[in-house]
Amino acid sequence: MDFIFSEEQQQLRDSIQKYISKEYGFEARKAIMASAQGFSDKVWAQFADMGLLGVAFDEAHGGFGGTPVDTMLVMTELGRGIVVEPYFSTVVLGGSLVDLAGSEAQKQAILSEVAQGKLLLAAALGEPNSRYELNSVETAAKRDGAGYVLNGHKAVVLHGESADKLIVSARTAGGARDAKGISLFLVDRASAGVQVSGYRTIDGMRAAEIKLVNVKVGADSVLGEVDQGLPVLERASDFAVSALCAEAVGAMEALNAATFEYLKTRQQFGRPIGSFQALQHRAVDMFIHCEQSRSMAYLASVKVQSEDPKERKRTVSAAKIQIGRSGRSILQEAIQLHGGMGVSNELAAGHYAKRLAMINATLGDVEHHTERFASAG
Amino acid sequence: MDLNYTKEEQAFRGEVRTFIRDNLPKDIADKVLHHKRLVKDDWVRWQKILYKKGWVAPNWPKEYGGCAWTPIQQHIFEDECGYAGAPRVMPFGLVMVAPVIQNFGSKWQKEYYLPRILSSEDWWAQGYSEPGSGSDLASLKCKAVREGEHYIVNGQKTWTTLGQHADMIFCLVRTDSTVKKQEGISFLLIDMHSPGITVRPIITLDEEHEVNETFFDNVKVPAQNLVGEEGKGWTYAKFLLGHERTGIARVGESKRELEQLKNVAAKQLRNGKPLIEDPRFRDRIIQVEVELMALEITLLRVLSSRSKPGPEASILKIKGTDVQQALTELTMEAMGPYALPFRPETRDAAWHGEPVGPEYAASAAAVYFNYRKTSIYGGSNEIQRNIISQMVLGL
Ligand SMILES: Cc1cc2nc3c(=O)[nH]c(=O)nc-3n(C[C@H](O)[C@H](O)[C@H](O)COP(=O)(O)OP(=O)(O)OC[C@H]3O[C@@H](n4cnc5c(N)ncnc54)[C@H](O)[C@@H]3O)c2cc1C
Chain Y
0 MDFIFSEEQQ
10 QLRDSIQKYI
20 SKEYGFEARK
30 AIMASAQGFS
40 DKVWAQFADM
50 GLLGVAFDEA
60 HGGFGGTPVD
70 TMLVMTELGR
80 GIVVEPYFST
90 VVLGGSLVDL
100 AGSEAQKQAI
110 LSEVAQGKLL
120 LAAALGEPNS
130 RYELNSVETA
140 AKRDGAGYVL
150 NGHKAVVLHG
160 ESADKLIVSA
170 RTAGGARDAK
180 GISLFLVDRA
190 SAGVQVSGYR
200 TIDGMRAAEI
210 KLVNVKVGAD
220 SVLGEVDQGL
230 PVLERASDFA
240 VSALCAEAVG
250 AMEALNAATF
260 EYLKTRQQFG
270 RPIGSFQALQ
280 HRAVDMFIHC
290 EQSRSMAYLA
300 SVKVQSEDPK
310 ERKRTVSAAK
320 IQIGRSGRSI
330 LQEAIQLHGG
340 MGVSNELAAG
350 HYAKRLAMIN
360 ATLGDVEHHT
370 ERFASAG
Chain R
0 MDLNYTKEEQ
10 AFRGEVRTFI
20 RDNLPKDIAD
30 KVLHHKRLVK
40 DDWVRWQKIL
50 YKKGWVAPNW
60 PKEYGGCAWT
70 PIQQHIFEDE
80 CGYAGAPRVM
90 PFGLVMVAPV
100 IQNFGSKWQK
110 EYYLPRILSS
120 EDWWAQGYSE
130 PGSGSDLASL
140 KCKAVREGEH
150 YIVNGQKTWT
160 TLGQHADMIF
170 CLVRTDSTVK
180 KQEGISFLLI
190 DMHSPGITVR
200 PIITLDEEHE
210 VNETFFDNVK
220 VPAQNLVGEE
230 GKGWTYAKFL
240 LGHERTGIAR
250 VGESKRELEQ
260 LKNVAAKQLR
270 NGKPLIEDPR
280 FRDRIIQVEV
290 ELMALEITLL
300 RVLSSRSKPG
310 PEASILKIKG
320 TDVQQALTEL
330 TMEAMGPYAL
340 PFRPETRDAA
350 WHGEPVGPEY
360 AASAAAVYFN
370 YRKTSIYGGS
380 NEIQRNIISQ
390 MVLGL
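Line by line, the protein sequences give chains Y and R.
Letter by letter, the first sequence follows residues 0 to 376 of numbering that gives the first Met the number 0.
Letter by letter, the second sequence follows residues 0 to 394 of numbering that gives the first Met the number 0.
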């Protein structure tokens with residue numbers, strides 16, 4: 000057993016922490032969210048310069064050959080800064096789909112561009128009726144000469160409108176909920192027939208509904224094996240979930256810190272409200288929730304690499320359950336202990352709270368992962 | 000013991016239901032049922048309809064225009080209004096300041112303000128909280144100094160609910176800082192159109208404008224607007240707090256939201272089947288439903304007891320808001336990933352664009368975050384617990 004981060008890992012973490020505390024304060028973030036695109040090209044370019052965009056990719060593909068533990072460290076810091084840039088959609092979920100399913104040529108072409116900050120990805124997996132089920136795919140991909148033609152509706156695609164390339168799950172065989180018959184496609188967002196309608200999300204990011212109307216793609220746009228997309232989707236999604244858990248831990252830490260500080264400084268009845276034992280115990284519970292979540296985020300970032308799918312699924316789902324439940328407790332308590340200030344949009348606390356709630360609604364909530372844990376055996 | 004409504008009470012419920020069905024404007028009910036944004040006129044219109052019927056102030060004594068209903072009848076009325084999607088009657092004038100004026104106000108105040116409250120001519124706001132004085136209200140600093148026939152008010156109030164619409168505000172102000180803090184507080188009725196008053200919005204987590212900061216800069220208030228005696232404001236405020244707490248259970252509204260949750264959960268799918276058939280989710284709905292059943296009977300017990308609501312009423316605040324918040328949480332979760340889209344423009348009744356996801360998803364997360372307020376305002380749930388532990392349990 001060894002819970003120690005290497006020197007390089009500590010440096011990575013420190014460099015992001017430093018950047019965010021200097022360049023990504025509450026007001027800076029607010030201005031970024033208010034911009035048309037909803038995130039900052041400048042910040043993105045700086046992330047590229049810092050090497051963050053290639054952390055997870057092989058050196059052969061322009062990356063740094065990091066492990067999921069490195070991604071965890073990055074995501075925790077991004078969570079601490081409630082960063083709204085499309086790191087999760089482009090690097091984590093999009094990047095791992097290409098990494099796990101792509102041909103050598105696709106990886107060469109795409110991952111190095113991502114690492115340099117020149118290419119944005121978005122994973123278009125969900126659909127109006129799919130909820131969190133990756134196997135629930137009604138979008139159809141029909142053979143069309145050497146290529147395919149896609150039709151369907153992809154729902155709540157994170158950063159879908161700014162992505163250059165979409166990774167679309169579509170059905171090449173079987174019925175709407177069958178495990179077999181799902182294939183992955185790389186689709187240029189600018190292709191004819193791709194209709195994107197973007198919107199804000201409540202946690203300050205952006206997402207889109209994407210309608211595919213007779214979108215023609217070539218044979219070279221297939222990512223991975225035809226009909227065999229689901230296992231890869233599950234693996235990439237598990238990696239993404241482990242990263243979300245890490246992000247949540249960063250958000251919890253920051254939100255807890257803000258709340259504990261408030262308990263020490265806010266005076267009522269002639270003393271700091273943190274001197275009331277009723278509130279002290281609540282703060283302690285928030286602290287414990289965060290530590291339990293951290294433990295599970297660690298575990299997930301290690302076990303997500305397991306070759307045994309059962310162990311991988313079980314552990315990652317367990318982590319998502321833990322951070323879903325702890326996140327909900329922490330966010331609600333943080334708002335409550337701030338009193339009226341907790342419901343004001345002018346305090347960072349509420350923004351952490353919103354992000355934590357939406358992490359629960361991304362790639363499976365507590366109930367979804369409870370069921371998955373139970374059926375993983 | 001008989002826990003059934005009497006024949007008369009059942010007939011009364013029927014009468015109320017018929018009246019609401021025939022008189023509640025559909026556009027207003029639609030807004031409430033779909034969590035659209037209400038505008039000032041929506042509340043005022045509904046209150047004027049109730050006023051015409053003589054039902055706008057059930058809690059008032061008959062001689063001032065009240066209904067002389069039993070507490071059970073009042074509950075039935077609130078239950079039916081809440082369930083049908085009537086907007087909540089704005090409590091600040093009708094429920095809060097009016098009883099204070101009736102009990103402690105001057106003849107002039109009664110004659111001038113009460114009819115205007117009854118007819119919704121004036122919109123009232125509550126000016127208690129200050130930046131430094133929330134739970135510890137008695138520490139308030141907003142100052143009123145007597146100069147001849149006026150008070151000069153300086154200071155700040157905050158969290159003023161819908162103060163942007165207000166014509167009048169009732170304020171707790173400090174008139175004497177040399178005595179014990181509770182004894183230096185007075186109760187003033189202030190015209191919001193007075194020179195020197197500035198109202199600044201506070202935007203909440205759902206990006207709505209529901210609360211405000213209210214600033215007083217040398218505001219001249221006629222001395223005849225002092226309620227009762229100088230220095231007795233705290234007593235009047237405490238009297239008023241008892242009135243705030245029973246209505247806060249919001250049983251009728253929660254019944255409505257529970258039903259909507261069930262409708263939504265019947266339409267949303269999990270693994271291709273209605274979410275409501277999934278035992279994990281269904282059982283969580285049932286837990287809230289049981290809490291709500293218990294709450295309604297607890298409320299009726301409080302209302303039926305011959306003594307006026309005491310510290311036990313704090314149970315109603317705590318459980319009422321627990322239930323409301325649990326319902327918003329389940330509704331948000333029922334949406335799955337469609338909880339994420341945030342489009343405040345869709346909450347405007349005049350908006351007719353293309354919805355993202357199911358129509359009811361548009362407001363779910365926003366309402367969840369908005370309702371965090373319920374355990375904070377009206378005396379936070381921690382303060383309610385302090386009340387029960389000190390006054391009921393003697394701890
Ligand atoms: C949406 C909204 C609308 C409102 N509308 C109005 C209005 O129209 N008019 C008006 O005057 N006010 C209004 N309020 C203000 C409301 O009454 C106060 O927010 C409330 O009294 C809490 O005060 P505070 O916000 O200063 O929190 P604080 O008093 O600072 O409390 C912070 C936290 O400490 C806890 N706490 C404080 N003291 C104790 C203690 N002794 N023991 C244990 N815990 C304690 C609180 O419960 C809370 O969790 C509104 C508030 C909100 C959120």
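In short, the hints are calculated from the structure, not lab data.
If you're wondering where the values come from, they're calculated on a predicted model, not measured in any experiment.
Ideal placement from N, C-alpha and C gives every residue a C-beta, glycine not left out.
Any given hint might turn out to be false.
[Said to hold, decoys possible] Calculated lysine-lysine pairs in the BS3-like style (CA-CA distance at most 30 Å, straight line):
| no. | chain 1 | residue 1 | chain 2 | residue 2 |
| --- | --- | --- | --- | --- |
| 1 | R | K52 | R | K231 |
| 2 | R | K307 | R | K318 |
| 3 | R | K272 | Y | K309 |
| 4 | Y | K141 | Y | K29 |
| 5 | Y | K263 | R | K140 |
| 6 | R | K272 | Y | K179 |
| 7 | R | K272 | Y | K263 |
| 8 | R | K272 | Y | K141 |
| 9 | R | K6 | R | K51 |
| 10 | R | K52 | R | K109 |
| 11 | R | K25 | R | K51 |
| 12 | R | K25 | R | K219 |
| 13 | R | K266 | R | K179 |
| 14 | R | K231 | R | K219 |
| 15 | R | K272 | Y | K210 |
| 16 | Y | K210 | R | K35 |
| 17 | R | K254 | R | K272 |
| 18 | R | K180 | Y | K263 |
| 19 | Y | K263 | R | K179 |
| 20 | R | K219 | R | K266 |
| 21 | Y | K29 | R | K261 |
| 22 | R | K318 | Y | K263 |
| 23 | R | K266 | Y | K210 |
| 24 | Y | K263 | R | K261 |
[Stated by the list, open to error] Using C-beta positions, here's what the derived DEER-type ranges look like:
| no. | chain 1 | residue 1 | chain 2 | residue 2 | range |
| --- | --- | --- | --- | --- | --- |
| 25 | R | K47 | Y | G192 | 40 to 46 Å |
| 26 | R | K25 | Y | D177 | 51 to 57 Å |
| 27 | R | A222 | Y | A257 | 55 to 61 Å |
| 28 | Y | K41 | R | P221 | 38 to 44 Å |
| 29 | R | E207 | Y | G64 | 34 to 40 Å |
| 30 | R | L32 | Y | K41 | 42 to 48 Å |
- Query: Taken at face value, is the distance from the CA of K179/Y to the CA of K272/R at most 30 Å?
  - Reply: The hint holds at about 20 Å.
- Distance restraint between K6/R and K51/R, which requires alpha-carbon spacing of 30 Å or less: Holds, because 26 Å separates the two Cα atoms, which is no more than 30 Å.
- Task: Could you grab the alpha-carbon distance between K25/R and K219/R and see if it respects the 30 Å cut-off?
- Result: violated, 42 Å
- If you draw a straight line from the CA of K272/R to the CA of K309/Y, is it 30 Å or shorter? holds, 25 Å
- K263/Y paired with K140/R [C-alpha distance capped at 30 Å]: holds, 22 Å
- Item | Cβ distance range 51 to 57 Å for K25/R and D177/Y, holds or violated | This hint is violated: roughly 45 Å between Cβ atoms.
- Task: May I ask you to test the hint 34 to 40 Å on the CB atoms belonging to E207/R and G64/Y?
- Result: The hint (34 to 40 Å, Cβ to Cβ) is violated, given that E207/R and G64/Y are roughly 48 Å apart.
- Message: What's the verdict on K263/Y and K179/R, does the C-alpha distance respect the 30 Å limit or exceed it?
- Response: Cα-Cα ~26 Å, so holds.
- Message: Given the hinted pair K141/Y and K29/Y, is their Cα-Cα distance within 30 Å?
- Response: Answer violated: K141/Y to K29/Y is near 44 Å, above 30 Å.
- Task: Decide if the proposed pair is consistent with the structure: K52/R and K231/R, CA atoms, cutoff 30 Å inclusive.
- Result: Not OK: K52/R and K231/R at ~36 Å, beyond 30 Å, violated.
- Message: If I claimed the Cβ atoms of L32/R and K41/Y lie 42 to 48 Å apart, would that claim hold in this structure?
- Response: For L32/R and K41/Y the Cβ distance comes to about 45 Å; the hint holds.
- Task: Look at the Cβ atoms of K41/Y and P221/R and judge whether their distance stays inside 38 to 44 Å.
- Result: violated, 57 Å
Checked against the numbered hints given earlier, the structure breaks hints 1, 4, 7, 12, 13, 20, 21, 24, 25, 26, 27, 28 and 29 and satisfies all the rest.
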